[in-house]
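Novice: Based on the hints, put chain B in the right spot on chain A.
Spelled out from the first residue to the last, the chains are:
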Amino acid sequence: MHSETQPSASLSPPLDSCSDQTVVLSTHGLTKDFKKLRAVDRLDLSVCRGDVFGFLGPNGAGKTTTIRLIFGLTYPTSGYVQILDHLVPHDRQEALRHVGGFVDDPIFYGNMTARRNLRMFGRMNGEVPEERITQVLDMVGLSERGQSKVGSYSHGMRQRLGIALALIHRPELVILDEPTSGLDPQGMKDVRELVRELGRQGTTVFLSSHLLHEVELVCNRAAIMRKGRVVAQGPVSQLHPASNAVKVLTGDQKRAREVLGRLVAPSAVREDEEYLVVEAGEDLVPEMVRRLVADQVDVLAVVPAIEQGLEDMFLELTAREAEGERA
Amino acid sequence: MSHISREFVKILLQKRTYFGWAGLFLVPFLITVAMRLSSGGPPDPEQGGPQFFNFIESNGLYVAVASLFALVTFLLPLLASMSGSQTIAGEAENGTLRTVLMQPVRRGSVLLAKWMVANLYIAIGLVILAVGSLIAGGAIYGLKPMILLSGQAVGVGESIWLIFLAYLFVLVGMAAVVSLAMAFSTLTNSGLTAVAAALVLVIIMLILGSLSVFDFLRPYLFTTHFDAWMNFFRQPVVWAPIRDALINFAVWSVGMTGIAWLIFRRKDILS
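Those protein sequences? They're chains A and B, same order as listed.
Taking the working numbering, the leading residue of the first sequence gets 64, the next gets one more, and so forth.
Taking the working numbering, the leading residue of the second sequence gets 27, the next gets one more, and so forth.
The hints are simulated quantities; they were obtained by calculation from the structure and are not laboratory data.
You may find that some hints are simply not true.
[To be verified] Examples of chain B residues toward chain A, derived with CB under 8 Å:
hint : residue
1    : I30
2    : R32
3    : L39
4    : L213
Computed from a predicted structure; not experimentally measured.
Cβ atoms here follow ideal geometry from the backbone N, Cα and C, with glycine treated the same way.
Here chain A stands alone, though its shape is the one from the complex:
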């Protein structure tokens, strides 16, 4: 039963899951070791054309290392990245012609203006007309500060400038690492709307975020990462698994947990505020109630568990992984 409810098993799609869509970005057995630490562990991801793909994980999960590997900033211990027809690191230069983005905080030359920075970095991708610089500055709300030195920018403004640079050569794939970090609520809203708009225009977006609701808001597909491994990936709508769980409220939750743990599996019973959440189908409910009553536990309520939000899903998945490791 436990294994049947493992979303990592049921939701991780094969690499060709884009069906008739082009795979814009994929990783194949991507692994990165730093001495004894395995930061990324046999990572298989696939991002389809037009996806706004959320890349979720707690701190230290390996998200930023993965993005560095995608950009060819670090070299994989094994495996590779494929961007359209180009393999990274072998064909990194050609691959990056199709990609824009940033990793960690976007860093620019502080003693230069935003315009000069965009001109300087942008032209590494080919000619960039001044009108395009004006256009991307406008898109991120920095048109008024284009002539200011970046050294005078706040963190949030540098984030916006990072997005402007990511878009300057109209790449097919935009990779954004925590793009709303440091932005005020209006800024976050603007960036999310920009990401949605990019998706609507057909640009593929790979969005790393620890803000789970952000992924729910803007992404159509997502992967959840923990300790260098993907624990689930698939359409965001499917990352809300059809709940096969019931919530049980009794007069003695501690005793009830023991009883129900014997019926299902101890790991299939967890606490959720005042309730016990039991991973069991409704067909098991009569037996659950009989056992509880037989053990003289008063049953106060048995209700279907409501559909999980992505946040619950994320916490549950990462907690399960941790439990698995402890076992």
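Specialist: For chain B alone, coordinates are given in the frame of chain A:
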């Protein structure tokens, strides 16, 4: 915009660039004024003082030569170390290296452009030093035909040509220092560490070169050859030490730049 022009614009927008160049412009004025005000006269060659200093008061052209002599063992290697170390480590320290390498550029091209611009910085510094020397020396002592180390006199035009060759030679020597600093620069994310490492090695070479027990090493140390430019000021020019020096500088430059490339091409950019 090519990598070279982009790198050059970058150094032109940095204040420290102008501090280095301003220092090189001021040195000849300081030497000239010091010689003018000195009551004890120029350093005595018998006591190890450089011979060119003895001639300054007779001819301002010697200011250019004396300035080169005064700077070739420390200030110029310092500037070359700073320039070379900023190539990779300086950018890594600022975090801009990853912004550069996230663009579709070849690491080898980026490294080569940085090496060329680091040397261009030194070349401009040497031009500034030469111009400052001619202005300071010319203003106070006038520019007259030079007496060479071998005793012959040459006209002002030929003297300036010989000075040009000497400065060009020193530029090639400093390319070895830039290359060494760039190699260190690929090993660290701290510009200061790279400068310190390169300078310490230059100083160790200078010490090794001054100890007779290490005489067998002298031909291989680039610091040994820094003063070979003085052979331009003999007639006929003594080419053998100049040739040996240029070969030494070339081997160090190519070797260190090659090492830098081997490290940088596979370096994980984590800054």
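Novice: Provide an ascending list of the numbers of those earlier hints which the structure does not satisfy.
Specialist: Hints 1 and 4 are the ones this structure does not satisfy, whereas the remaining hints hold.
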